[in-house]
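2 protein chains.
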Amino acid sequence: MGDKVTGNLLIIGGNEDKTGDCLILKKFIEMAGGRDAKIAIVTTATEYPREVGDQYRQLFLALGAESVVILYIADREMANTPRQTAEIETATGLFLTGGDQLRLTSILGGSEVDNALRRAYSRGTVIAGTSAGASVMSDTMIVEGDSNDTPKKSTLSMAHGMGLLEEVVVDQHFAQRGRINRLLATVAQNPYILGVGIDEDTALAVTPDARCEVIGSQTVTIIDGKHIMYSNISESQTYEPLAITNVLLHILPAGFGYDLKRRRPYICGS
Amino acid sequence: MGDKVTGNLLIIGGNEDKTGDCLILKKFIEMAGGRDAKIAIVTTATEYPREVGDQYRQLFLALGAESVVILYIADREMANTPRQTAEIETATGLFLTGGDQLRLTSILGGSEVDNALRRAYSRGTVIAGTSAGASVMSDTMIVEGDSNDTPKKSTLSMAHGMGLLEEVVVDQHFAQRGRINRLLATVAQNPYILGVGIDEDTALAVTPDARCEVIGSQTVTIIDGKHIMYSNISESQTYEPLAITNVLLHILPAGFGYDLKRRRPYICGS
Chain S
1 MGDKVTGNLL IIGGNEDKTG DCLILKKFIE MAGGRDAKIA IVTTATEYPR EVGDQYRQLF
61 LALGAESVVI LYIADREMAN TPRQTAEIET ATGLFLTGGD QLRLTSILGG SEVDNALRRA
121 YSRGTVIAGT SAGASVMSDT MIVEGDSNDT PKKSTLSMAH GMGLLEEVVV DQHFAQRGRI
181 NRLLATVAQN PYILGVGIDE DTALAVTPDA RCEVIGSQTV TIIDGKHIMY SNISESQTYE
241 PLAITNVLLH ILPAGFGYDL KRRRPYICGS
Chain A
1 MGDKVTGNLL IIGGNEDKTG DCLILKKFIE MAGGRDAKIA IVTTATEYPR EVGDQYRQLF
61 LALGAESVVI LYIADREMAN TPRQTAEIET ATGLFLTGGD QLRLTSILGG SEVDNALRRA
121 YSRGTVIAGT SAGASVMSDT MIVEGDSNDT PKKSTLSMAH GMGLLEEVVV DQHFAQRGRI
181 NRLLATVAQN PYILGVGIDE DTALAVTPDA RCEVIGSQTV TIIDGKHIMY SNISESQTYE
241 PLAITNVLLH ILPAGFGYDL KRRRPYICGS
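Same order as they appear, the protein sequences are chains S and A. Mind the numbering: the first sequence is residues 1 to 270 in the working numbering, read in order. Mind the numbering: the second sequence is residues 1 to 270 in the working numbering, read in order.
What the hints contain is simulated information worked out from the structure, not anything from laboratory work. Heads up, none of these hints are tricks.
Covered stretches of chain A, going by a simulated chain S footprint (3 or more residues, C-beta under 8 angstroms):
no., segment
1, 141–150
2, 169–178
3, 239–252
All residues carry an ideal CB built from backbone N, CA and C; glycine is no exception.
Bound-form chain S, shown alone (with noise of 0.2 angstroms):
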């Protein structure tokens, strides 16, 4: 695996630091080119655009971004229009609010904004996500799962979901909601998928390379199901209880990095 990753994305678990060191966002700016990022944020997700996107605008400018546009994107037509399109050919740097993924997918899906932001992905422009925003960017993403209960399945529904990561499926505000047991659920659906569950106020930059790299205050959580024995989702009833043996799980603060290509963590630097 790893070797659909060409691009530069930032996968952000939610909930990042807006009013201290803002580690993310300005990892972020950096990644968009620094004094030279011009960025354009996607509001599509949340159903505050103003406000979200407002907020956003003016903690990219004070981090030093050179421009900061807004793309208001509400509905399938405003998806279609040159002008929009036009905003994410120019930009250095996409981003897309956190709300409901599935008001992204179902929005953006198809449009011409969603060509655009694929072919800005393949040029290398950096692309960052936060909550729904960072559960869109695989290519089946999950929609909504029980938190804090014994794994089921049940308590899982998928979607399509952007497709800028491919082979990997990620979780977001992670341990904070207790999330672990549905992405369990969902790497037992298909081992080969890797499972990435990212905390609040912690991301997770991923290079052409396919190496990923922490950042922010807490952890990003991997599940790798290469090994998995056994397994009853295919069998089990909807209510019954998920048996899964031989999972390989990572925990990986700040400092630590993960190899989508030999599928290993590793430590910064070495």
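Given chain S, put chain A in place with the hints provided.
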């Protein structure tokens, strides 16, 4: 490991079914001799010994036990009275209620009742414990630790348990209270120790061959640290997030067991 398992235990994750099939409590009566079961309930952990004791007495009688006594051991003086000890000597099954694990160990630890419990365990008398009564079974037990939080050293508070099950640490109300991260931090402290997280209405029945069978409606999570490649638990600052790599994880529902000697899960009947 597993060589030190010499008796029969029923370790219950709390909140076991008391109104439906009562699978777990029924298993306890069965392990204690069925129609010949003489049960002694130890209410030391709870601050409501009358209510809790009465409820279990009625349940055990309804499930077919021959006799049920309640040992209201509320202080160290009572924990050293011959009457209490005699009841433990004649019982075929002992039941530790939930409550506060430090009440159990601080009142019973080193007392005549404690000695009688250990002798009963050596003779093969089944000892069941639910919630706090489950936590005290290991030699080192988790007293406190934040749930649904990034794993951190600071969130853990440990103490000496009753040591009926060595080389293992038990946590309860596991999925329901999002406790995986505190169990991971515990295992990182000494990867020789196996982490066992038991969900509510779920139990692990341990037999003298060191095999453990899952019973009940939810799951048991096994955290095996023997392959941990790296952890920062010794050098990390109190509030710094933990790093742990290569943890082996199993999620086991009813129908599955775990062999403590071979340190691996199995399908019951196989």
